[in-house]
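Note that the protein sequences, when read in sequence, are chains Y and E.
So the number in my numbering is just where the residue sits in the first sequence, counting from 1, plus 899.
So the number in my numbering is just where the residue sits in the second sequence, counting from 1, plus 899.
Simulated from the structure, these hints should not be mistaken for lab results.
Please read all numbers here as calculations on a predicted model, not as lab measurements.
Be aware that one or more of the hints could be misleading.
Identical copies look the same in the list; a pair holds intra-copy or inter-copy alike.
What the hints assert, rightly or not - List time: in silico DMTMM-like cross-link candidates among lysine to aspartate or glutamate, alpha-carbon distance up to 20 Å: (1) Lys-916 x Glu-1002; (2) Lys-985 x Glu-903; (3) Lys-965 x Glu-923; (4) Lys-985 x Glu-995; (5) Lys-949 x Glu-1002; (6) Lys-985 x Glu-1005; (7) Lys-965 x Glu-1002.
Here's the letter readout for the chains.
2 protein chains.
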Amino acid sequence: MRPEDLRFQVLRHLEQKPDMTQRELAATLGISLGRVNYCVQALIERGFVKAANFRNSRNKRAYLYKLTPNGLTEKAALALRFLRRKEQERQALLQEIEALRAELGEASSHEQGEQ
Amino acid sequence: MRPEDLRFQVLRHLEQKPDMTQRELAATLGISLGRVNYCVQALIERGFVKAANFRNSRNKRAYLYKLTPNGLTEKAALALRFLRRKEQERQALLQEIEALRAELGEASSHEQGEQ
DNA sequence: TGACCTCTGTTCATCCATTGAACGCATAGA
DNA sequence: TCTATGCGTTCAATGGATGAACAGAGGTCA
Chain Y
900 MRPEDLRFQV LRHLEQKPDM TQRELAATLG ISLGRVNYCV QALIERGFVK
950 AANFRNSRNK RAYLYKLTPN GLTEKAALAL RFLRRKEQER QALLQEIEAL
1000 RAELGEASSH EQGEQ
Chain E
900 MRPEDLRFQV LRHLEQKPDM TQRELAATLG ISLGRVNYCV QALIERGFVK
950 AANFRNSRNK RAYLYKLTPN GLTEKAALAL RFLRRKEQER QALLQEIEAL
1000 RAELGEASSH EQGEQ
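Generate the whole structure from the sequences, applying the supplied hints.
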C-alpha cells in the first residue's frame, strides 16, 4: 500500500469514525501500529487532522481525530486521484487478462461497456 | 511483485526468448539484477530451467535458459493460477471503484457482462 | 485517598527483502 | 598475447515495516 493511499484510507476512516484508535486503524487497514502512528502524525503535522482530547468510559487516553477543512479538501483530492488510478489499473488488468487468455487458449468472455 | 508471480514471469520470458540475460530480465520486469539472479537460480535448482552454455559473437559468457518439461508444466500451472487471481483482483477493483464513485457522487458507468 | 488495572499513543531495536556496485571469468577483437 | 566487453555471481548496505515495550491518563474499588 502506497503512502498516498494509506493517507487517503486513514482520512476516509477517520472522517466516518473519528474515535477510532490507532490499533483499530491498523487492524482495519491490515498494517502495523507503528506505520499507522507515523501516518497519523504526518496528517496532524500537515494540518489535515486535529487530535482533540476525548474522554469516555471505554477509552482511557484516546483522541478524537477530527478532519480539518484542509483535511476534507485533501481527502477529496486524494479520493479522485485514487479512483482514477484504480480505473486505470482495472483497464490494465483487463489487457493482461486478455493476453493470458490468448496464451492459454481460453475463450475470452464477452465483457462489454469497456473502452 | 510476489515471488510466485516473478517465477511465472521469468519462465514466461525465458520460454519465448531463452537467450535473455539476467540484466535484460531485470530491466524488463522492473526489478534488480540480484533478485533476478536469485529467482533464476531457484528455477534451475528446482529443475524447471536448465542453463546451457551458449556462445555467439554478442554475448560473452551468456547462457541459454531452456525450460525443461517440468518447467513447461510448472509455467502452465502458474499461468492458470495467475490468471484466476488477476480476474479476482479485477472484480474486487470493480467493487472498490463503485464504492468510491458512490462516495464521490459520480455517475457510475454502465459496465455490462460482469458478474 | 491510594493502589491497581486497563487502554491509549509513542518509540525504536529488529527484521527482512531488495538493491546495485564490485568482482571473477570467458570470449572477441586488436 | 593483451585488452575490452559483457556475462553471472556475490554481498554489504539500504530502507521500510514490524510489534514488543514503555510512559501516561483515566477508571475502579476497597
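Checklist entry - Can you name, in rising order, the numbers of the hints this structure does not satisfy? => result 5
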